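Novice: Sequential numbering of the sequence shown, starting at 1, is according to this note's numbering.
Honestly, the hints are just simulated from the structure, not real lab data. All values derive from a computational prediction rather than experimental measurement. Among the hints, erroneous ones may be present.
As the list claims (entries may be wrong) - Using C-beta positions, here's what the derived DEER-type ranges look like:
1) F63 / Y106: 34 to 42 Å
2) L88 / F63: 32 to 40 Å
3) P92 / F56: 45 to 53 Å
4) M1 / M22: 26 to 34 Å
5) E9 / F64: 34 to 42 Å
6) L14 / G116: 37 to 45 Å
7) E34 / G8: 36 to 44 Å
8) M1 / A45: 51 to 59 Å
9) S111 / D36: 23 to 31 Å
10) I125 / L7: 38 to 46 Å
Glycine included, every Cβ here is placed at the ideal spot set by N, Cα and C.
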Amino acid sequence: MPLTSHLGELRKRLVRIIIVIMVVFFGSTVVEMELDQPILSAFRAPLDARNVPLVFLELTEPFFTYLRIGLYAAIFLSFPYLLGQIWLFVRPALFFKRTQSSLALYFTFISTFCRGGLFGYFVVIPFGYDFFLGFLK
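From just these sequences and the hints, can you work out the full model?
Specialist: Below, the structure written as structure tokens:
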């Protein structure tokens, strides 16, 4: 396969990834603005436990906070699709035996990624906030 074909295939995969991230970004931003209490509960619980108010210093900061959280959610939710597109780009270059073993590795990556995201949301974020709030004394 010539280099231009590889670059065309890579371009096609990158465009698909960007489109999916944009669609998920808009969707997650709308959903997050409607359901902000459950999503932000992991961030607000350590603040409420120490009676520390959540303060915005600029007029536009709450709006951009919602957009930033929507972008992070879009990247997180689109990551399995991104891995799938990388897999579809690399797969034609692999032999059949490696393709089978790589498919199992792909599903292992996806499950590990999801478990890591849940661990970060439920364990690391509350612990990290509590740790840094300990310096407010």
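Novice: Each hint: holds or not?
Specialist: Structure-based check of each hint:
1. At about 37 Å, the beta-carbon gap between F63 and Y106 stays in the expected band of 34 to 42 Å.
2. Checked against the hint of 32 to 40 Å, the pair L88 and F63 passes, with Cβ atoms roughly 37 Å apart.
3. Checked against the hint of 45 to 53 Å, the C-beta distance between P92 and F56 comes to roughly 50 Å, which is consistent with it.
4. Distance hint for M1 and M22: a CB-CB separation of about 29 Å, consistent with the stated range 26 to 34 Å.
5. Remark: the range hint 34 to 42 Å for E9 to F64 is upheld by a beta-carbon distance near 36 Å.
6. Roughly 25 Å separates the CB atoms of L14 and G116, a value that falls outside the hinted 37 to 45 Å.
7. In this structure, E34 and G8 meet the distance hint of 36 to 44 Å, their C-beta atoms being roughly 40 Å apart.
8. Restraint check, M1 to A45: a C-beta distance of roughly 53 Å satisfies the suggested window 51 to 59 Å.
9. Between S111 and D36 the CB atoms are about 28 Å apart, so this pair conforms to the stated range of 23 to 31 Å.
10. Checking the proposed 38 to 46 Å range against I125 and L7 shows it holds: the Cβ atoms sit about 40 Å from each other.
In summary, the one numbered hint that this structure violates is 6.
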